[in-house]
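Produce the entire structure from the sequences given, and follow the hints as far as they go.
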Amino acid sequence: GAGVSQSPSNKVTEKGKDVELRCDPISGHTALYWYRQRLGQGLEFLIYFQGNSAPDKSGLPSDRFSAERTGESVSTLTIQRTQQEDSAVYLCASILKGSDYGYTFGSGTRLTVV
Amino acid sequence: GEDVEQSLFLSVREGDSSVINCTYTDSSSTYLYWYKQEPGAGLQLLTYIFSNMDMKQDQRLTVLLNKKDKHLSLRIADTQTGDSAIYFCAETAGGYQKVTFGIGTKLQVIP
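Chains as they are written, first to last, in this note's numbering: chain S, 16 to 129; chain X, 326 to 436.
Think of the hints as simulated: they come from the structure by calculation, not from any bench.
Misleading hints may appear alongside valid ones.
Only pairs whose alpha carbons sit at most 16 Å apart, straight line, appear in this in silico EDC-like list of lysine to aspartate or glutamate [stated by the list, open to error]: (1) X:K395 - X:D341; (2) X:K423 - S:D78; (3) X:K423 - S:E59; (4) X:K392 - X:D379; (5) X:K423 - X:D328; (6) X:K431 - X:D408.
A short, non-exhaustive set of chain X residues, derived as facing chain S with CB atoms under 10 Å [as the list claims (entries may be wrong)]: (7) S336; (8) A415; (9) F426.
Glycine is no exception: its CB is placed at the ideal position from the N, C-alpha and C atoms.
If you want it as structure tokens, here you go:
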């Protein structure tokens, strides 16, 4: 596609429920990243995928968070047993192999846990 | 670990120049970026600079890099109301290393 697409754009969920966030990267972009942006905070790295290599999960805050990506396509970020502190905007970004000219970000999913 | 710091807020009058400052700690930073985030939107890459450069100019934007002091600045000439947004400084060592972002500076342009 023309840009990085994320869905849903907004999600309100009850505490304790599981949520799944989706990211459709730009076609041909080999690397995909997830970041979290809490209100009034900077971007917090969560996880990144590079082709078929093992993902870098070093930023995942707890074992309630997991992410998958099949090849160089769609990625899903799953948060189990959501807590109120999970409320944030979750941003996905992709980058073309060999490019260091910054990521292309999606518009994010605003997650609100009530 | 890596750290990127920015001031939280800047207010300027329309037509004036805006200067947003950033400091970083990672001496292996190779690429430094400025991103713009408008309300409800994702981040948009504004400009970037390689660590072997001192300055980069792109229309109304001027990026200055002082590698010795690990200081990066973004100057916006003739600031317009459409420039009101949050500006994020970011750095990476490259090679698919994660990009570390600052907290963002909210620029308010007063008409």
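Status of each hint after checking the structure:
1. X:K395 - X:D341: violated, 26 Å
2. X:K423 - S:D78: violated, 20 Å
3. X:K423 - S:E59: holds, 10 Å
4. X:K392 - X:D379: Distance of about 8 Å is within 16 Å: holds.
5. X:K423 - X:D328: Roughly 12 Å between the alpha carbons, so the hint for X:K423 and X:D328 holds.
6. X:K431 - X:D408: holds, 10 Å
7. S336: Hint violated; X:S336 Cβ to chain S Cβ min 17 Å, cut 10 Å.
8. A415: Cβ of X:A415 sits 8 Å from chain S, so the hint holds.
9. F426: holds, 4 Å
Comparing the model with each earlier hint shows violations of hints 1, 2 and 7; every other hint is respected.
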